[in-house]
Structure formats: structure tokens, C-alpha cells
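Participant: With the sequences and hints as input, model every part of the structure.
Given next are the chains, with one letter for each unit.
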Amino acid sequence: GQQVMQIPQYQHVQEGEDFTTYCNSSTTLSNIQWYKQRPGGHPVFLIQLVKSGEVKKQKRLTFQFGEAKKNSSLHITATQTTDVGTYFCVCSSYETSYDKVIFGPGTSLSVIP
Amino acid sequence: DTGVSQNPRHKITKRGQNVTFRCDPISEHNRLYWYRQTLGQGPEFLTYFQNEAQLEKSRLLSDRFSAERPKGSFSTLEIQRTEQGDSAMYLCASRFTALGEETQYFGPGTRLLVL
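Sequences listed follow chains X and H, in order.
So in our numbering, spot 76 of the first sequence is number 76, and the numbers just go up one at a time.
So in our numbering, spot 2 of the second sequence is number 1002, and the numbers just go up one at a time.
Since the hints were derived computationally from the structure, they do not count as laboratory data.
Just so it is clear, the structure is predicted and the values come from calculations on it, not from any experiment.
Careful: at least some of the hints might be erroneous.
Here are the computed lysine-lysine pairs in the DSBU-like style, where the Cα-Cα straight-line distance is at most 30 angstroms [said to hold, decoys possible]:
{"id": "1", "chain 1": "X", "residue 1": "Lys-59", "chain 2": "X", "residue 2": "Lys-70"}
{"id": "2", "chain 1": "X", "residue 1": "Lys-70", "chain 2": "H", "residue 2": "Lys-1057"}
{"id": "3", "chain 1": "X", "residue 1": "Lys-57", "chain 2": "X", "residue 2": "Lys-36"}
{"id": "4", "chain 1": "H", "residue 1": "Lys-1057", "chain 2": "X", "residue 2": "Lys-51"}
Facilitator: Right under this line is the structure:
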């Protein structure tokens, strides 16, 4: 079945440094979403990417969908302590059932003030 | 606040007991999902409903688990004869089905501890 990987699993950065997490799917995706989960909280939607090679920005966050629609990245510029949390990519694939999505294992970000 | 509510927020039970969780989705959302999340892992899909119809169940959903959404509004997830391995956060999410709109809105979750 479809597998989703995220690297790194953990990342500790000094406040102000940049951060990038990568998501890779074993199958071609119809779309990919990114969610953020704060410690003790629930996943919160950040963005959805649909088109091959799509790039979207939200303030300091840049999301990219690969040309082959099998991978994606999330880049945070100049991290802040409010960026702390786990970032999940959530994959919808043509090979999974219509409405079931698969969460990646997540990248946990710690920001040292 | 996302508008999805879950009750109870925490549940401690003894092995072998039955537990039931409730999810109230955002009112206009016709899709409702249940996930299970263990520490350090991403949410794992359990099942989902389109209105009152349960359309898919994961193989993770053993015969001890049952979910209902009788009137197409709130949903319940029941675990019978709980086991220690059932200890996890149970998340509910909802969304409205519209072309190109796939955002799921998560509730705060019910944290289950089976002793």
C-alpha cells in the first residue's frame, strides 16, 4: 500500500534559523495538505497543494509540491518560538480510496529561544 | 476554535470495560472522520461517514470497535472490552464536501488510558 515518509523526524533550531521538512510518497498524489499540531493540541490545517510544481507562501512559510506529485516540502524562514509543533503532510492518492487520506509520521520542530 | 467538539476529553478505564466517545462536527459538514493517534505518531485513519452512511473502515478497526452516526450529525465511537493497546488519542474531524475543498477540521480529541 501507499507509504508516506517525512524527514527529519525531529529538528531543533535556534530561533531565527530556517527550517525545512520533506514529505515523500510512494505513489503519485492527487493533492497534499499540511497540518500543524502544537504540543497537546490537535492538527490544524495549513495549506493544500494540488498542481504539479505548485508553490504557495504564507508569511514565513513556503510550501512546494514536486513536479512528479510524489513529494512536498515545507520551509519556514527565520523560525520563531510560535512555530514549535509537529508538522504533518497529509496525502491523498489516486491509489487510495476516494476520501481516505494518509498522514505522514510528522516532523517535530523545537525552537530554542 | 474549530467548531468540532469531542467528549469526554479524557477517559481512564480498566481493561475489559467498554467506553464510548462522542463527536459533534461543524453543523454543515457532511463528512465525519475518526482517527487514532499514539504518542509521537501521526493520526491513523479509522473510519469515515458521509452523512449517516459509514463508507469505509480501516483494518485497524477491529470487531471491538464500532462507530455510528445515526442522524448524520454527531457520531459515537465505542470500544468494547478495552485493551491496554487501545490507549491513545482519538481524534474526530469533519469537512464539507465541495469541489477542491478537502480541509478537515479536527476536534480536540479524547485521550483514552486503559489500565
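Participant: With reference to the structure, classify each hint as holding or not holding.
Facilitator: Now the hints, each set against the structure:
Proposed proximity of Lys-59 (chain X) and Lys-70 (chain X) is supported: the alpha carbons are some 25 angstroms apart, at most 30 angstroms. For the hint linking Lys-70 (chain X) to Lys-1057 (chain H), the alpha-carbon distance of about 25 angstroms falls within 30 angstroms, and the restraint holds. Between Lys-57 (chain X) and Lys-36 (chain X) the alpha-carbon distance is near 15 angstroms, which keeps this suggested pair within the 30 angstroms criterion. Taken as a hint, the Lys-1057 (chain H) and Lys-51 (chain X) pair is honoured in the structure, with Cα atoms around 29 angstroms apart against an allowance of 30 angstroms.
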